[in-house]
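Read top to bottom, the protein sequences are chains A and B.
Using the numbering used here, read the first sequence as starting at 6 and increasing by one per residue.
Using the numbering used here, read the second sequence as starting at 440 and increasing by one per residue.
Be aware that a few hints might be false.
[To be verified] One-sided excerpt, in silico: chain A residues whose CB lies under 8 Å from chain B: (1) Gly45; (2) Gly47; (3) Leu48; (4) Leu50; (5) Leu83; (6) Phe95; (7) Tyr106; (8) Ser110; (9) Gly111.
[Claimed, not checked] The following label-pair restraints were derived from C-beta to C-beta distances: (10) A/Gly56 - B/Asp520: 41 to 47 Å; (11) B/Met450 - A/Thr10: 31 to 37 Å; (12) B/Asp465 - A/Arg113: 27 to 33 Å; (13) A/Gln22 - B/Asn506: 45 to 51 Å.
[Unchecked claim] Here chain A is said to cover these stretches of chain B; the calculated rule only asks that three of the stretch's residues, wherever they fall, bring their Cβ under 8 Å from a Cβ of chain A: (14) 472–483; (15) 544–552.
Derived from the structure by calculation, the hints contain no laboratory data.
As the structure is a prediction and not an experimental result, all values here were calculated from the model.
All residues carry an ideal CB built from backbone N, CA and C; glycine is no exception.
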Amino acid sequence: NAGVTQTPKFRVLKTGQSMTLLCAQDMNHEYMYWYRQDPGMGLRLIHYSVGEGTTAKGEVPDGYNVSRLKKQNFLLGLESAAPSQTSVYFCASSETGNYGYTFGSGTRLTVV
Amino acid sequence: AQTVTQSQPEMSVQEAETVTLSCTYDTSESDYYLFWYKQPPSRQMILVIRQEAYKQQNATENRFSVNFQKAAKSFSLKISDSQLGDAAMYFCAYRLPSTGANNLFFGTGTRLTVIP
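So that you can see chain A by itself, here it is in the shape it has in the complex (with noise of 0.2 Å):
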C-alpha cells in the first residue's frame, strides 16, 4: 500500500522556469491538498480539491496551478518559478469528515 507517492523529491529550478510536481494516492480518497511548508511557518494551502474535476485555491495559490484529471492524480504547476517559491512541498489526501490527512513525504524545491 504505497498512500501517497510525490514525484519528484528534489528539484533545483532557475528562475523563469517552469515545472509540474506529481502527486498519486492509491486509497481511492476524494479529497487532495497541496501544500508548502517554509521554515518558522507551519504548512500552508496552497490549493485542494474536493473531487475529480474539481480545484479550488488555499490560503498561499499565486503562482501556482493545479490539476485533477483523474481521481488519484493531483498536479500542482509553476508556470515561471520565483525565487520566493523555495520550499517543501507537501501532498496530502483524506476522506470526508473527521480524518486525519495521509501525507506524501515531500518535495524539496530550489528555484535560484
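Use these hints to put chain B onto chain A, whose structure you have.
The following block gives chain B in isolation, referenced to the frame of chain A:
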C-alpha cells in the same frame, strides 16, 4: 479566522523522561477535530494522535496522550518514556468537520530534541 499557536519553538527531554508540548487554538466553532503530527528528519508527516472536540475523554496512543481543555482551547501533547526516535518536529493541527475547504490548520511546530 482559525489559528493554531505553538508557543514553544524548541523543547528538549532526557531519554525515558516525560515532556509536554503546548498548543492553543482559536475558533468560534463547537465541533472540530484536533491532531498532532510528527515530522522526523525524513520529512514524512506522521499522524500521532487525534481528538474529537465533542469527546471529553482525552485521547491516548501508547506513550502519547493529550490534555484537551475545550474551554481554554488548549490541546497539549504528553510523551511519556521518551525515546530517541521521538526526536522530531511536532505540529498541532485543527480541522473543521464540514467546510468547503476541509482544511487542516497547522501551528508553526515545536522541535523536540531527545537527550541520551
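Do the hints match the structure? See the list:
1. With its C-beta approaching chain B no nearer than about 6 Å, glycine 45 of chain A sits inside the 8 Å limit, and its interface hint holds.
2. The restraint placing glycine 47 of chain A at the interface with chain B holds, with a minimum CB-CB distance near 4 Å, inside the 8 Å limit.
3. Of the supplied interface hints, the one on leucine 48 of chain A holds, with its beta-carbon coming within about 5 Å of a beta-carbon of chain B, less than 8 Å.
4. Contact between leucine 50 of chain A and chain B, as hinted, is supported at the beta carbon level, the nearest pair being about 6 Å apart and thus within 8 Å.
5. The restraint placing leucine 83 of chain A at the interface with chain B is violated, with a minimum CB-CB distance near 20 Å, outside the 8 Å limit.
6. Hint status for phenylalanine 95 of chain A relative to chain B: holds, with the closest Cβ pair at about 7 Å, below 8 Å.
7. Proximity of tyrosine 106 of chain A to chain B holds as hinted, the smallest CB-CB distance being about 6 Å (cut-off 8 Å).
8. Because the beta carbon of serine 110 of chain A sits about 5 Å from the nearest beta carbon in chain B, less than 8 Å, this interface hint is met.
9. Annotation: interface hint on glycine 111 of chain A holds; nearest CB of chain B at approximately 4 Å, less than 8 Å.
10. The beta-carbon spacing between glycine 56 of chain A and aspartate 520 of chain B, approximately 43 Å, falls within the hinted interval of 41 to 47 Å.
11. In this structure the supplied range 31 to 37 Å holds for methionine 450 of chain B paired with threonine 10 of chain A, their Cβ-Cβ distance being about 32 Å.
12. For aspartate 465 of chain B paired with arginine 113 of chain A, a C-beta distance near 31 Å keeps the hint of 27 to 33 Å intact.
13. In this structure the hint that glutamine 22 of chain A and asparagine 506 of chain B lie 45 to 51 Å apart at CB holds, the actual value being about 48 Å.
14. Coverage of a stretch by a chain is defined here by at least three residues with a beta carbon nearer than 8 Å to that chain's beta carbons; for the region 472–483 of chain B and chain A the count is 6, and the condition holds.
15. Figure legend: the region 544–552 of chain B, annotated as covered by chain A; annotation consistent (4 residues with Cβ-Cβ distances under 8 Å, at least 3 required).
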